[in-house]
Amino acid sequence: MYPTTSSERTPLVQPAYVYESSLSRNYRRRLRNLQCAICVTFIAILTVALLVTVSYNLNQYDTDVDNSTNTGAGGNLTLLPPDMVPLQQLTWPLPDQPPAEWIESMPPSPEAISAAVGSGNAALTAKKRVEATRGSLAPDTPAGRAQRAAATAASVAPLADAAYAAEYATRALLNGEEERGISLIYRVREWNQN
Numbered sequence: 095m096y097p098t099t100s101s102e103r104t105p106l107v108q109p110a111y112v113y114e115s116s117l118s119r120n121y122r123r124r125l126r127n128l129q130c131a132i133c134v135t136f137i138a139i140l141t142v143a144l145l146v147t148v149s150y151n152l153n154q155y156d157t158d159v160d161n162s163t164n165t166g167a168g169g170n171l172t173l174l175p176p177d178m179v180p181l182q183q184l185t186w187p188l189p190d191q192p193p194a195e196w197i198e199s200m201p202p203s204p205e206a207i208s209a210a211v212g213s214g215n216a217a218l219t220a221k222k223r224v225e226a227t228r229g230s231l232a233p234d235t236p237a238g239r240a241q242r243a244a245a246t247a248a249s250v251a252p253l254a255d256a257a258y259a260a261e262y263a264t265r266a267l268l269n270g271e272e273e274r275g276i277s278l279i280y281r282v283r284e285w286n287q288n
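Under this note's numbering, think of the first position of the sequence shown as 95, with each following residue one higher.
The set of hints was computed from the structure by calculation and includes no laboratory data.
One should not assume that every hint holds.
Claimed, not checked - Here are the computed distance ranges between Cβ atoms for each label pair:
1) LEU231 - ALA257: 20 to 28 Å
2) THR104 - VAL146: 21 to 29 Å
3) LEU140 - THR99: 48 to 56 Å
Just so you know, even glycine gets a beta-carbon here, dropped at the ideal spot from N, CA and C.
Work the whole structure out from these sequences, hints included.
Set out below in structure tokens:
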């Protein structure tokens, strides 16, 4: 027996009776059959749409395919695109690039090497001065967060500095003049004087 007063424990639906009327059973059966018919119809429509789409895509390009068994020149079945024909006409292996003129003429003198290393060190010093005068980015900006995310360990800094100096020394040695490193030094000196 259920209590006559209602509370939060009172069931909202009436209990299922053992002897249901035949009308409700027929209604539920017809509703279930209708739902099944709708699902079967929906699946059939999707299947037909998929088959039509696939057959349309397969038949669309059939006219472009050449199914002939004629072989090309020399019995080769692969046809090269026109832009690849010049590569086919080259002799393989390809010759190496000639070495730089300054290597063949004579190796650089020890004085030229010391001057190039000096210009590399000068460029590194100028770069460090420029970086020291530059202010840091605000930490709560996107640029500041990106800079912190891309930062490397402190142990890498000497390697990066040595590579920077070696790059400018190599450029000075190859070009025969102290290219960008010295001009950067002059710009920093002029900026410090002003």
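Here is how each hint holds up against the structure:
no.: 1; hint: LEU231 - ALA257: 20 to 28 Å; in the structure: 24 Å, holds
no.: 2; hint: THR104 - VAL146: 21 to 29 Å; in the structure: 56 Å, violated
no.: 3; hint: LEU140 - THR99: 48 to 56 Å; in the structure: 53 Å, holds
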